[in-house]
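Work out the full structure: start from the sequences and follow the hints.
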Amino acid sequence: MRKLAIAALLALAAGTPAAGPAAAQQTELYVLTPGVVFNAGLEDLAKEYTKETGIKVTVKADGMGRIVNDIKTGTPIADVVALPVAFMDGMEAEGSIVPDTRARLGRVYVGLAVPKGKPHPDISTPEKLADALKGGTVLYSNPATGSMEARIINDMLHRYPVFQGVKSKISLKGEGGEALVRGEGDMALQLICEVLNHPEIELVGIVPEELGAYIDTTLAVSSRSTHQEAAKAFVDYLMKPEHVALWENKGLQRMK
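Position 34 (the sequence shown) corresponds to 26 in the working numbering; numbering is contiguous.
Since the hints were derived computationally from the structure, they do not count as laboratory data.
Watch out, some of these pointers could steer you wrong.
[What the hints assert, rightly or not] What follows is a list of derived Cβ distance ranges for each label pair:
{"hint": "1", "residue 1": "P68", "residue 2": "H112", "range": "43 to 53 Å"}
{"hint": "2", "residue 1": "D208", "residue 2": "T65", "range": "20 to 30 Å"}
{"hint": "3", "residue 1": "T65", "residue 2": "T117", "range": "40 to 50 Å"}
{"hint": "4", "residue 1": "P111", "residue 2": "T218", "range": "51 to 61 Å"}
[Said to hold, decoys possible] Using 16 Å as the maximum straight-line C-alpha spacing, the simulated EDC-like pairs for lysine to aspartate or glutamate come out as follows:
{"hint": "5", "residue 1": "K110", "residue 2": "E194"}
{"hint": "6", "residue 1": "K43", "residue 2": "E20"}
{"hint": "7", "residue 1": "K165", "residue 2": "E176"}
{"hint": "8", "residue 1": "K126", "residue 2": "D178"}
{"hint": "9", "residue 1": "K224", "residue 2": "E20"}
{"hint": "10", "residue 1": "K48", "residue 2": "E20"}
{"hint": "11", "residue 1": "K242", "residue 2": "D36"}
{"hint": "12", "residue 1": "K126", "residue 2": "D114"}
{"hint": "13", "residue 1": "K48", "residue 2": "E221"}
The beta carbon of each residue, even a glycine, is placed where N, CA and C say it ideally should be.
Listed below in structure tokens is the structure:
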């Protein structure tokens, strides 16, 4: 028994990570994210992080408004949060995140999807996109649900005169891409990270950048987290250069 006690003290003095696995098993991180980041690779990287470190990472995808409320008062307490830039700015102003842990993750564009095997029209300019959209019924998510993506698409279609005459249809069950899979229209406007989840449809391309149809996302550690050091380590892991390809293959363009 005395030998064991001495060995333990020597291990501590030497900084030996012998107790690492046990400590890792006791640490569990809880992450709140909107679907735009969840679908763009966060879930995959969380699983890899658990395999590499032994630290369990639970990721919950939810709507922006609910995430904002849960950061402040929700249980379990969030350790890491992903949000669009404007929402994260608000959280920082209220003291709900640790400011120096913010990381600029990346941008997800809205893209045009068509059923698999259908022709891919040229959508490289707003005028060409409008011509393509006028060639059939365009599906997109319901803005009434509070979806940021749906609001962006709805605003684009109604703000720019070039889109007058486009026949659009709001999906009342799920996202625009899901409605396209069900055959409810001819094409869909959808965040590209969500288009890529449906093998039955294909991504034509992103809408022209000048239309502003994209979401910029950020990561941060919650100020309520009781595992802030471990949470920051997870954020750093997500931001590693070697993970850029995974994010981009999932539809998120990393910010430089």
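Now the hints, each set against the structure:
At about 44 Å, the CB distance of P68 to H112 agrees with the hint of 43 to 53 Å. Our hint of 20 to 30 Å for D208 and T65 holds, since their Cβ atoms are close to 26 Å apart. Checked against the hint of 40 to 50 Å, the C-beta distance between T65 and T117 comes to roughly 46 Å, which is consistent with it. Range check, P111 to T218: about 54 Å between beta-carbon atoms, so the 51 to 61 Å window is met.
At roughly 8 Å between alpha-carbon atoms, K110 and E194 fall within 16 Å of each other, so this suggested pair holds. With a CA separation close to 13 Å, the supplied pair K43 and E20 stays within the 16 Å bound. For the hint linking K165 to E176, the alpha-carbon distance of about 11 Å falls within 16 Å, and the restraint holds. Proximity of K126 to D178 is assessed by CA-CA distance (about 10 Å); at most 16 Å being required, the pair is judged to hold.
Restraint check: the Cα-Cα separation between K224 and E20 comes to about 13 Å, which is no more than 16 Å; the hinted pair holds. With a C-alpha separation of about 5 Å, the suggested pairing of K48 with E20 holds against the 16 Å cut-off. With a C-alpha separation of about 10 Å, the suggested pairing of K242 with D36 holds against the 16 Å cut-off. Only pairs whose Cα atoms come within 16 Å are accepted, and K126 paired with D114 is accepted, the gap being roughly 13 Å.
Proposed proximity of K48 and E221 is supported: the alpha carbons are some 15 Å apart, at most 16 Å.
This entry satisfies every hint, going by the numbered hints stated previously.
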